[in-house]
Each structure stands twice: as C-alpha cells, then as structure tokens.
Amino acid sequence: MTELAVNLAGLTLKNPVMTASGTFGFGREYAEFYDLSLLGAVVVKGTTLEKKQGNPPPRIAESIGGMLNSVGLQNPGADEVIANELPFLQQFATIKIVNIAGGTVEQYRAVAEKITASGLADALEVNISCPNVKAGGLAFGTDPLAAAEVTRAVRAVTPLPIILKLSPNVTDIAPIAKACEAEGADGISLINTIAGMVIDLDNRRPFFANKVAGMSGPAVKPVALRFVWQAARAVKIPVIGLGGIMTGRDALEFMLAGATAVQIGSANFYDPASAPRIVREMEQWLEEHRVKDVKELIGALEE
Amino acid sequence: MISERAQITLNRQVGIDIWQMRLQTPQIAKAARAGQFVMLQCGTGLDPFLKRPLGIHEIAADFGVITCVYRVVGRGTGLLSKLPVGSQITVLGPCGRPWPQLNAAKAVIIGGGMGIAPLLPLAEDLSARGNTEIYLGANSSDELFALVDFAKCGNLRVATLDGSAGVKGFVTELLPTDLSATEIFACGPLPMMKAVAELAARQNINCWLSLEEHMGCGIGTCMGCVRPIKENDKIVYKRVCREGPVFNATEVVFDD
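Taken in order, these protein sequences are the chains called A and B. Residue 120 in the working numbering is what sits at position 120 of the first sequence, and the numbering runs on without skipping anything. Residue 106 in the working numbering is what sits at position 106 of the second sequence, and the numbering runs on without skipping anything.
Treat the hints with caution; some may be incorrect.
Selected chain B positions facing chain A (Cβ under 7 Å, derived; list incomplete) [said to hold, decoys possible]: (1) Met1; (2) Phe49; (3) Gly220; (4) Val226; (5) Ile229.
A few chain B residues facing chain A, derived, Cβ under 8 Å [stated by the list, open to error]: (6) Ser3; (7) Leu46; (8) Ile89; (9) Leu92; (10) Leu102; (11) Ala105; (12) Cys217; (13) Val236.
No lab work stands behind these hints: they were computed from the structure. Quick caveat: nothing in here was measured; it's all calculated off a predicted structure. Each residue gets a CB set at the ideal place from its N, CA and C atoms; glycine is no exception.
Assemble the whole structure, with the sequences as input and the hints as a guide.
As structure tokens, then:
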C-alpha cells in the first residue's frame, strides 16, 4: 500500500492533490463529476469582503498549450460565501481551504476574520498575486514589504493555517517567500498566472479590456517548476506547487522540485475529473517505482 | 452533467463553412433536453486546450446519438471539421438550462443563421401540441439547413437576405403583427434577438432567447462566459453556460 498522505501546516492531507482557486468555483460543479472526498484538499474561489462584479467580457482566450483569463475575482462576497457556498463542502471528507483577496490590507484582515469566525474553513490561502484586479492583488505579491504586511495582518486575526499565494511576475521569488515566512505564513503556494497579453490584430486592439491577463495551462509548467524549486530552497515552510499540472507525472515533478502538495488549475477546464485522475496516476507511478511513501519525493531532486 | 468519450459517426459539410457532426454519446443523449449544449474537444490531445460549445441539434436518445451543426469560424472548429469519422473525442454535457415549457396557447420559434441549430429539438418537442409557427432566416440558402425537419414540426416560413430561399429580407419581417397569446423562442445573431425582444416587449408577450458566448469550461467554474444580465433593476454578470444559455428577453442587455 502506497502512502499518499502529506502534512501541511499542521493539516493532514490524505493525498497531495488539491484544486487551485479560481478554477474550482465552490466545488458544486465538480461534485457532479466525482466525490470531492477523493482529494487532499479543495481550495475555493477567491473571496473578497464585498461582492465583486469582475471584469467586463471577454474574459477567456486560448493560447497554445493553455489559456489566458481576465475574470477579476468575480465572487459573491464573504457573507454570501459563508451562508450559501461553504456549508455545501462540509459533507466531504477533505480539507477545505478558502482563498481570500482584498484591495487593501484592511480588507484582507476583515475577510480573514469573517471566514475564520464561520468555522467552515480549515485554512486560508491569501491571494496576493491576482494580475486581473486594479487595486491590491498583484501589488502585494511583487514587493516583499507589502507581502509581509498582508501576512502580518492576516496572521494577527486567525489561528488557522495561512498559505500565501505568490506571483511569478517577479524577478526573484526568494525575498518575497522569506518575507511571508518571517511574518508567520504556514505555507506558500505558487505560481499564480503569468501576466500575458492577447492582441486582436484585425481590430488593432488588445483582446482583453484590462489589456493584460493571466496565463495558465500546460505551457507554463516549466516556469512554474523553476519558481517552486527556487522558493522551496528559500524557505522552510511547505511549498504548494501549481502551474500547468495535467498528469500524475507532472504533479510528482513538482514534488521533486520541493512541493509538499500540488494544486490542479486549468486542467479542471480541460477535463473536470482531472484532479482524482491525477491522484490515481501518482499512486500508479509510485507503485511502479516501488516508492512506499510519497513524502520521500518532496525536494528529492538529485542535483 | 457527463464527460463522455464519443465516437464521431458523421462529420460532413452541409453548407458554406457549415458542418454537421453526429456523435455516439449514449449517456449525454439520454440526459439532454431541448436547448442544452455540449462542449466538444476539437483535437485528440492537449491542443486546442479548451473545448468548444455547440448547441445540440438532434437528440436521438433511443439510438444514443446527438447531432451538432457548426460553422467553421476559427482554429477550433476548423480542426473539428477535419476529424475523421471513427475518431473519438471527449464530449461534456448536457450543459446549460433547456428551453422552458411553453406557457401560452401558441409557440413562435425564430431562428437566424447558426441559431437555427438548437431550435430543432424544441420544435420537435412542441410539434405534438400542434399550432407552432417557425420562422428561419439566413444570409443565403446555402446557410439554411434542416428545413424538412422543421417543416414536420409546424408551420415553417423562411427568409434569406439575398432572396435565394423564401422571402427576401430579415426573418423578423416575416413575423405577424399580432403575436398575442403566443410565446417566443428565439436564437440567432444579437441584432435579430434584439429586434425580437423589442417586438415581444411592445406586445407584452413572453420571449426566451438562447445566447452564445465564448466559453472556457462549460460547467460554470471559469467565469469566462459571463454576459450582463438584468436582475432586480441591477445589471450583473451571469454565466451563459450555467444560468443560460436561455434567458428571458427582459433580462438580456443588448447595449454592450
């Protein structure tokens, strides 16, 4: 029997596979395809203090081996999420992680307080890396001092484990990861989407109203692996790897690079049953290679 | 909703840039209702990455097949048209809300261009009740399809812009001046649906419109296919794939 469980910030995940925020809604749609209890954890849609309308369409474009999105954190707001979305997830035996976002440090603090008080989340993922909102978002994730400030503010109001979701749109990830760790983050997850652009040649215009959008999908995997590897060398807290994971092999590569767990993002759009398939594929590879415990692979890259 | 590996049993050109595809999807065919759509994988691997939404044109639950009619407009549908009979693709569906039940004495079905496709299962459902008026329009006769099928379901009239089939002009010009005691079901280009919505509003009759939008996932999680929709005097973004594709005409915002 292969051991798939991993420990993450005091939580035990039955396997290292979680869903990536922004690709999973609040779980309802995927529950039509599989039992969410098959996953190590689910991370739900970025939740803000107030309801957020999101960006005007178009919001999605395809690229070779992936896609770009400019959704802009459309969500019903913390109160609605607590009242109508999170209760649904409680029937599943999996770790529930709520992704939170804000335009100001005060908003991050307030939404963290609300979600914590609801008792419906096992951990918080703090999104300081959304490239699709004007205020906050990415601005907090590209500066170590700002990242530290958000981490400190959220840390002060919640006993739940906090995971800071980091952006690849930086020159050096190490100082940002370290700043989060120093302020009490229990983990970091990366990468959020890569800032990209689509141009509508015939109309000579940017395709997205926001001009810049976030790129994801299998095409970004090598970039994501590099960031995870660098971040894992910079901090001692667990790193959650994401970016273009489509298969069990992809997921295990992230673990070798230093990830304790992985998130499945755009693959959910390619195949709604990707996440449990990836769990099975990981298990199969481990069995074939006679690895008894998946934890043996974490950071075990032979360099 | 179901994700099903489907064998292509027919994929042929039926007009200029218009193709018809038949898929063996026993589970989806059984679950599908008139007005719903499917998401089709347009290749055999990771590229193209996203599936394409296509309205369901024929539902043959007894035979485990559905048919879609699509226009080749870009890379995805271009690749779709090149998939040989016998090949397998992943199909997700049935997606979205079906057409609602008829709630008036008489149904008026209005289709324009590729919007004709998802109206056939509705026309078939309503044909048993009789008394269905069907109006179909296109640029030219070579963009019209399924006319014989529609004619079996009700009283069919056709318009083309170039006059190559039916009456020359817009399909909306065929509509009777008095639409009282009817309910409208329409799918087509936005200008057509806007004209239909205005007509329905003037005569105070119920009107349903099936919208089209670029989609990422088709199941409601990517938030990519939203359109501005009126809700309690406010305008909010709703997902065409989940809250739609069928909306009441009074909810739809055309000025964007």
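Each hint tested on the structure:
| no. | hint | in the structure |
| --- | --- | --- |
| 1 | Met1 | holds, 5 Å |
| 2 | Phe49 | holds, 6 Å |
| 3 | Gly220 | holds, 5 Å |
| 4 | Val226 | holds, 6 Å |
| 5 | Ile229 | violated, 12 Å |
| 6 | Ser3 | holds, 6 Å |
| 7 | Leu46 | holds, 6 Å |
| 8 | Ile89 | violated, 12 Å |
| 9 | Leu92 | holds, 7 Å |
| 10 | Leu102 | violated, 28 Å |
| 11 | Ala105 | violated, 37 Å |
| 12 | Cys217 | holds, 4 Å |
| 13 | Val236 | holds, 7 Å |
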